[in-house]
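2 protein chains.
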Amino acid sequence: MPNNKQRNIIGVFDSGLGGLTVLKHFLKKLPQYDYLYLGDTARVPYGSHSQDVIYKYTREAVDFLFSQGCRLVILACNTASSQALHRLQQEYLPAKYPDRRILGVIIPLAEYASQFENIGIIGTRATISSGAYEQEIKKLKPKAKIIVNSAPLLVPLIEENWTGQDVINKILKKYLYLLKKEKIKILILGCTHYPFLIKNIRRLMGKNCLVPDPGKIIADSLENYLNKHPEFKNTDDGVKGVCNFALTDQPENFLRLGEKFLGKKIDNLTIISL
Amino acid sequence: MPNNKQRNIIGVFDSGLGGLTVLKHFLKKLPQYDYLYLGDTARVPYGSHSQDVIYKYTREAVDFLFSQGCRLVILACNTASSQALHRLQQEYLPAKYPDRRILGVIIPLAEYASQFENIGIIGTRATISSGAYEQEIKKLKPKAKIIVNSAPLLVPLIEENWTGQDVINKILKKYLYLLKKEKIKILILGCTHYPFLIKNIRRLMGKNCLVPDPGKIIADSLENYLNKHPEFKNTDDGVKGVCNFALTDQPENFLRLGEKFLGKKIDNLTIISL
Chain V
646 MPNNKQRNII
656 GVFDSGLGGL
666 TVLKHFLKKL
676 PQYDYLYLGD
686 TARVPYGSHS
696 QDVIYKYTRE
706 AVDFLFSQGC
716 RLVILACNTA
726 SSQALHRLQQ
736 EYLPAKYPDR
746 RILGVIIPLA
756 EYASQFENIG
766 IIGTRATISS
776 GAYEQEIKKL
786 KPKAKIIVNS
796 APLLVPLIEE
806 NWTGQDVINK
816 ILKKYLYLLK
826 KEKIKILILG
836 CTHYPFLIKN
846 IRRLMGKNCL
856 VPDPGKIIAD
866 SLENYLNKHP
876 EFKNTDDGVK
886 GVCNFALTDQ
896 PENFLRLGEK
906 FLGKKIDNLT
916 IISL
Chain B
646 MPNNKQRNII
656 GVFDSGLGGL
666 TVLKHFLKKL
676 PQYDYLYLGD
686 TARVPYGSHS
696 QDVIYKYTRE
706 AVDFLFSQGC
716 RLVILACNTA
726 SSQALHRLQQ
736 EYLPAKYPDR
746 RILGVIIPLA
756 EYASQFENIG
766 IIGTRATISS
776 GAYEQEIKKL
786 KPKAKIIVNS
796 APLLVPLIEE
806 NWTGQDVINK
816 ILKKYLYLLK
826 KEKIKILILG
836 CTHYPFLIKN
846 IRRLMGKNCL
856 VPDPGKIIAD
866 SLENYLNKHP
876 EFKNTDDGVK
886 GVCNFALTDQ
896 PENFLRLGEK
906 FLGKKIDNLT
916 IISL
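For the protein sequence lines, the chains are V and B, in the order given.
If you use the working numbering, the first sequence closes out at 919, no skipped numbers anywhere.
If you use the working numbering, the second sequence closes out at 919, no skipped numbers anywhere.
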């Protein structure tokens, strides 16, 4: 069989488990691509570190994914998207990888949110302090009212698989208090870990506030991007792709929670160093 | 003045803030030494990582402290002590630094605990799964009854300065339930972060269980060690020492909480890379 078909490996990066909530939707929506998921589990969580540290870690992750043949990488991590993406796109790619691309999760979610007037966003300390969401939403809807809050304990609660509902709800109530008081109409989960708690969050926010699953929005946006950029599109779209995983630490925690969430076995897994 | 006086810089290492609960007691008990405190704040927390990752991070930290002139380093971190100390002492020091020493926090606390029959220990996932405390206590008191539990959310709660007492107490209650039920007579706080919550823990454990401040025990043990090892002792004991700080990430969080806890200004601070 002549090998003239172009197949692409899409790199998906997160500091830990969170990006699986995005990958899940990629696999549903775009099953014909190959994926390589990288979780920097030796250094998770990123959310309370400084911009310089997050940039360095993200650049190392992208370098790895490029070295494995990915030409398109999705930062399925709000912290990395808000703190590192712009600098990678402006400084790093043009000098080192002019024919490759990195996409983040902020713009698709900001575009979606800008359909509304009264918008709430929660994220890690780093994501919220970057102001990246406000900046992108204001470009599209300058008069939008935007209420933000950082929710730094949610990632540890999720990564540690805390199941006590009363503690989860009390912590969420504190983080969501002001957003609820301001009667936001949409809440953007600005961290890819948070969909693990989407049921609790929806219940607390009530019927008058939409809490969309960010993974779905990001997958729609990726499909759209691929349609506009045939250079990253597969030409043998009928073939189902494979999904490989790379982690920077031993996989026990990741597998236990990751498989439960992804709803499928994670068996193509390698441990790597960044 | 002839410079024939020997002065020693004692290196104190922790992944983040926790080691300050030990340093505080060093400064009280042994104020005549110079100290260099290193917090690996770009990679905190260590507690849920694998042994290999923790060993690598700890070795890099020790290398830095040695490069700054410390000849004696205290791993003021239970995770590093339980996962990395033995290997550093057995493999690394003899080959690379035969005249330097690294001490941990497990042995002093295990010695103290072994005065009791019915002992409880809480720590990070890594510390508890290492079995290091049981091993050291059993050497001294083979028939001791030891109940352990990992308490992985406490470090994020402390590093994020969560102040809601109901959430803190609910999480503590869950972690301490079995230890209380088994009527332990002493609870070892097997993580140098936990003294930040010592009041809550003492209240929950009640009057029949001793919850000693680990920093005090570790400082007593260091004094004892220095008396037995004159090669690390100062010969000009009348002079008050200085205390410097090195961090691997920007210092905002560290300073806010660290100064509150240490009860003094932290001004001799440098940002370094490991």
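Hints in this document: simulated from the structure, not taken from any laboratory.
Keep in mind the model is a prediction, meaning the values are calculated, not measured.
Do not rely on the hints blindly, as some may be mistaken.
Pairs involving identical chains hold if they fit within one copy or between any two copies, as the list cannot separate such chains.
With a straight-line cut-off of 25 Å between C-alpha atoms, the simulated DMTMM-like cross-links for lysine to aspartate or glutamate are [said to hold, decoys possible]:
#, residue 1, residue 2
1, Lys826, Glu805
2, Lys819, Glu897
3, Lys818, Glu805
4, Lys786, Glu904
5, Lys673, Asp881
6, Lys828, Asp858
7, Lys819, Glu805
8, Lys783, Glu904
9, Lys825, Glu736
10, Lys825, Asp811
11, Lys861, Asp679
12, Lys873, Asp697
13, Lys784, Glu805
Hints, verified against the model:
1. Lys826 to Glu805: For Lys826 and Glu805, the Cα distance is within 25 Å only across copies (24 Å; inside one copy 30 Å).
2. Lys819 to Glu897: between (31 Å within a copy, 23 Å between copies)
3. Lys818 to Glu805: For Lys818 and Glu805, the Cα distance is within 25 Å both inside one copy (20 Å) and across copies (17 Å).
4. Lys786 to Glu904: Neither, since 39 Å and 42 Å both go past 25 Å.
5. Lys673 to Asp881: Answer is within: at 17 Å inside a copy they meet the 25 Å cutoff, but 71 Å across does not.
6. Lys828 to Asp858: Intra 19 Å, inter 46 Å, cutoff 25 Å: intra-copy only.
7. Lys819 to Glu805: both (20 Å within a copy, 14 Å between copies)
8. Lys783 to Glu904: Classified as neither: same-chain Cα gap 38 Å, cross-chain 38 Å, threshold 25 Å.
9. Lys825 to Glu736: neither (39 Å within a copy, 56 Å between copies)
10. Lys825 to Asp811: Answer is both: 19 Å inside a copy and 21 Å across each meet the 25 Å cutoff.
11. Lys861 to Asp679: within (18 Å within a copy, 56 Å between copies)
12. Lys873 to Asp697: Result: close neither inside a copy nor across copies, 32 Å intra and 44 Å inter.
13. Lys784 to Glu805: neither (37 Å within a copy, 32 Å between copies)
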